[in-house]
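J.: Start from the sequences and build out the full structure, keeping to the hints where you can.
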Amino acid sequence: MSELHGLQTRITEFEKEGTRVIAVSPDSVELNRGVVDRFGLSFDVLSDPELALTDALGLRHEGAGIDGGDVPRPATFIVQDGRIVWRDLTDNWRVRIQADELLAALREVTGPS
Amino acid sequence: MAEPGSADGASSATGRFNHRAWIGPLVAIFGLLSYFTLFYRWPLTRDLPWLNLLILLAAIGVSLTALPRARSTAGRVGGGVGLFVSVALAGLLCFYVFSLSYRLPDAGRVVDDGTRLPEISLASARGEAVDVAAAARDKLILVFYRGHW
Numbered sequence: 001m002s003e004l005h006g007l008q009t010r011i012t013e014f015e016k017e018g019t020r021v022i023a024v025s026p027d028s029v030e031l032n033r034g035v036v037d038r039f040g041l042s043f044d045v046l047s048d049p050e051l052a053l054t055d056a057l058g059l060r061h062e063g064a065g066i067d068g069g070d071v072p073r074p075a076t077f078i079v080q081d082g083r084i085v086w087r088d089l090t091d092n093w094r095v096r097i098q099a100d101e102l103l104a105a106l107r108e109v110t111g112p113s
Numbered sequence: 114m115a116e117p118g119s120a121d122g123a124s125s126a127t128g129r130f131n132h133r134a135w136i137g138p139l140v141a142i143f144g145l146l147s148y149f150t151l152f153y154r155w156p157l158t159r160d161l162p163w164l165n166l167l168i169l170l171a172a173i174g175v176s177l178t179a180l181p182r183a184r185s186t187a188g189r190v191g192g193g194v195g196l197f198v199s200v201a202l203a204g205l206l207c208f209y210v211f212s213l214s215y216r217l218p219d220a221g222r223v224v225d226d227g228t229r230l231p232e233i234s235l236a237s238a239r240g241e242a243v244d245v246a247a248a249a250r251d252k253l254i255l256v257f258y259r260g261h262w
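Protein chains in written order, with the working numbering: chain A, 1 to 113; chain B, 114 to 262.
Calculated from the structure, these hints are not laboratory results.
Careful, some of the hints might be misleading.
Said to hold, decoys possible - Quick look at which bits of chain B chain A covers, simulated, 3 or more residues with Cβ under 8 Å: (1) 182 to 195; (2) 245 to 258.
As the list claims (entries may be wrong) - Short derived list, chain A residues pointing at chain B, Cβ under 10 Å: (3) 12; (4) 32; (5) 46; (6) 56; (7) 92.
None of the values given here were measured: they were computed from a predicted structure.
For every residue, glycine included, the Cβ atom is placed at its ideal position computed from N, Cα and C.
T.: Here's what the structure looks like:
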């Protein structure tokens with residue numbers, strides 16, 4: 001969850017790069033609304049309870065949810081012109097990419113906006 | 114053999130309560146739980162939980178110093194149980210941090226760079242349908258996380 005808060009702290013810089021931020025969770029719309037309100041998130045948090053987008057990108061992590069259900073593995077993508085141009089798949093699900101590192105990767109991969 | 118105060122598992126022969134036998138495991142419980150309730154929030158204390166590992170190390174230290182203070186059999190057993198709990202909780206955090214959190218599916222299953230985002234609409238927190246492919250026409254950061262725990 002804290003990575004969403006980290007993204008929010010740099011959101012104006014992402015916007016300056018002409019980049020939209022979207023987070024995806026397996027939670028319900030109601031739970032996501034709670035997260036958006038709690039952290040004051042100005043970007044969209046989408047609900048993927050059926051893991052449709054998660055599966056389309058090969059991110060399903062079987063049995064890793066707190067209730068033993070399937071969840072997406074933590075992953076971050078940079079997408080440009082509809083195509084994935086960069087991805088970060090952590091090898092340790094406790095450790096996520098920081099907003100600063102992501103911003104640097106965005107500038108490097110996509111160039112000046 | 115009936116020493117005053119020795120009926121309690123953590124008492125010493127002098128009748129003084131051997132506090133360290135209890136403080137050790139209590140500190141260890143704090144060391145474990147505070148990771149998931151508090152220190153998980155900040156990358157500095159989450160990515161490598163040095164603070165929680167230090168707390169658990171301190172708990173083991175306190176439990177160890179309790180052992181020579183026990184003067185009765187019951188006190189020694191209490192001290193031993195306390196040390197066992199402290200070590201077990203430290204082991205639990207180490208297992209979680211150094212083994213369990215590396216268990217991820219094969220990264221080869223994830224789509225490669227160059228893949229086009231599928232046209233899938235998902236509901237936002239406001240209940241609006243958002244087409245991710247349409248959102249990615251310009252530049253998009255797409256973050257997947259495991260949900261609210």
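J.: For each hint, tell me whether it holds in the structure or not.
T.: Results of checking the hints against the structure:
no.: 1; hint: 182 to 195; in the structure: violated (count 0)
no.: 2; hint: 245 to 258; in the structure: holds (count 13)
no.: 3; hint: 12; in the structure: violated (14 Å)
no.: 4; hint: 32; in the structure: holds (4 Å)
no.: 5; hint: 46; in the structure: holds (4 Å)
no.: 6; hint: 56; in the structure: holds (4 Å)
no.: 7; hint: 92; in the structure: holds (5 Å)
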